[in-house]
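Asks: Listed below, chain by chain, are the residues.
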Amino acid sequence: MNYAQHVLTHLRKDLRLEWRTKDSINGMLFFALLVVVVLAMAFDPASYPTMTRQISGGLLWVALLFAAMTALNQSWARETNNNVLDAHRLSSAPASALFVGKALANFLFVIAVEVVLAPIFTIFYNLHPLGETWKLLIILPLGTWALVVNGTFFAALSLRSRNRETLLPLVLLPISMPALLAMIQATTAVLTGEFEPTLWIKVLVAYVVVFTTACVLLFQTILSAD
Amino acid sequence: MPKWALAWFALTLIMLVFGFYKAMTAPTEATMGNLYRVFFYHLPHTILSFIFPYLNCGASLLYLFWRNRNVERAAAADAFALAAAEVTVLYATIGLATGMLWGRAAWGIWWAWDARMTTYLLLWLLYVSYLLVRRYSATGQTAVIAAVLAIFAAIDVPICFMSIRWWRTQHPAAVFGGGSDSGIDPSMVPAVLWNMLAWAMWGALILGLRYAIERRLQRQSNARALGFLGNEPGTAF
Chain L
1 MNYAQHVLTH LRKDLRLEWR TKDSINGMLF FALLVVVVLA MAFDPASYPT
51 MTRQISGGLL WVALLFAAMT ALNQSWARET NNNVLDAHRL SSAPASALFV
101 GKALANFLFV IAVEVVLAPI FTIFYNLHPL GETWKLLIIL PLGTWALVVN
151 GTFFAALSLR SRNRETLLPL VLLPISMPAL LAMIQATTAV LTGEFEPTLW
201 IKVLVAYVVV FTTACVLLFQ TILSAD
Chain E
1 MPKWALAWFA LTLIMLVFGF YKAMTAPTEA TMGNLYRVFF YHLPHTILSF
51 IFPYLNCGAS LLYLFWRNRN VERAAAADAF ALAAAEVTVL YATIGLATGM
101 LWGRAAWGIW WAWDARMTTY LLLWLLYVSY LLVRRYSATG QTAVIAAVLA
151 IFAAIDVPIC FMSIRWWRTQ HPAAVFGGGS DSGIDPSMVP AVLWNMLAWA
201 MWGALILGLR YAIERRLQRQ SNARALGFLG NEPGTAF
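Protein chains in written order, with my numbering: chain L, 1 to 226; chain E, 1 to 237.
Keep in mind that a hint or two might mislead.
For each label pair, taking beta carbons as the anchor points, the in silico distance ranges come out as [to be verified]:
| # | chain 1 | residue 1 | chain 2 | residue 2 | range |
| --- | --- | --- | --- | --- | --- |
| 1 | L | ALA93 | E | LEU193 | 24 to 32 Å |
| 2 | L | PHE195 | E | PRO27 | 37 to 45 Å |
| 3 | E | ILE47 | L | ILE120 | 25 to 33 Å |
| 4 | E | GLY58 | L | ASP86 | 29 to 37 Å |
| 5 | L | VAL37 | E | ALA112 | 29 to 37 Å |
| 6 | E | ASN68 | L | VAL210 | 23 to 31 Å |
No wet-lab data here; the hints were simulated from the structure. Where a beta carbon is used, it is the ideal one built from N, C-alpha and C, also for glycine.
Modelling step: build the complete structure from the supplied sequences, incorporating the hints.
Replies: Put into structure tokens, the structure is as follows:
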């Protein structure tokens, strides 16, 4: 088998597991919905359309980030049952293929949540974007991958730590700060139409390229950490 | 304390006292009066706290390189990485605190989300999270996990720096202290340089001591793991 086939096998396995239980997607979706509702307590989205446009980009990504974090820990916890992780370490398949497969699976789950959440968000927050909406089709997948690639990596990193639920956000949030800034700014640019999102899309692309490379190169080290 | 450390400590103290003298006798600044003197502590700490992270990253890379080749050297690199991260957090904390004192005096507010302050706060957050990870991770894995995280953090620092600069140039509102603080009066330069040297020496001293302590802790835990502690008379730890 070549590298792509290894990745595909891992991806197929993760998708099948998720299809049977639907734990991650259901959990994330409901969690994100709850965050959207809770944030509506902080301000009145329907009455102040200009302010809503200005802050919705940030709120959407905060909801998605928190939701993704609930699922990321679970995605590796699955591998610890029956010591599957040790089997992965013994396997002759490249370790990074496991990582890429898992990151792709998580990416697809978060995208699925976004597909449902985006219309809900638009309706609940009474959003009328003033920029070029099609650009969101670039920004959302890029931003999601930026969160998920580091998230999957750090979830693996904190897998055998004492309190992994606390550890993941502590590591992921500071490292993701430039990506969060870029995706929030780009989304806000599209929603308000006040400035061009191009610069921020470029920052996102650079971030994604740099950190995907770092993750793929260092995953072997993390998998055989002890 | 070893002899070299005592000598270095004495030398550093003399330097710090001299730096203090230089800072307090430098000419009074035109607009802020004596309040500006905190600058002589703020500048060295901020500049140095951008150097220590790269010592941390270098040591982490060496750790990963030596991990399966030379265990003793790897442990030393790991101890050095930890010491460098701790000194980073310490210096960044002092930099932030003195920066806020300055901000309060110069601009009337404690904090502004301008480019430099935000980048600096992110640097502080990154290395605090590094220390937390070291605290939380399972024993036996701490060094590897920390080394990987240190590399990620070191990659992140320049990206943060650039993206936040773009962020703040795109929204030109509320830029405090931009432009006017570029360049200082030549009469203040000696005080800046003396303090920079003194604080660099102080940083090197605590880094060295922290490294020595960490090495001793490593030896202790190794000995305990092997069951030697207490059985071998004359083994000094």
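Asks: Now look at each hint and say whether the structure bears it out.
Replies: Hint check results:
{"no.": "1", "hint": "L/ALA93 - E/LEU193: 24 to 32 Å", "result": "violated, 57 Å"}
{"no.": "2", "hint": "L/PHE195 - E/PRO27: 37 to 45 Å", "result": "holds, 44 Å"}
{"no.": "3", "hint": "E/ILE47 - L/ILE120: 25 to 33 Å", "result": "violated, 48 Å"}
{"no.": "4", "hint": "E/GLY58 - L/ASP86: 29 to 37 Å", "result": "holds, 33 Å"}
{"no.": "5", "hint": "L/VAL37 - E/ALA112: 29 to 37 Å", "result": "holds, 33 Å"}
{"no.": "6", "hint": "E/ASN68 - L/VAL210: 23 to 31 Å", "result": "holds, 26 Å"}
Figure legend: structure checked against the earlier numbered hints; hints not met, in rising order: 1, 3.
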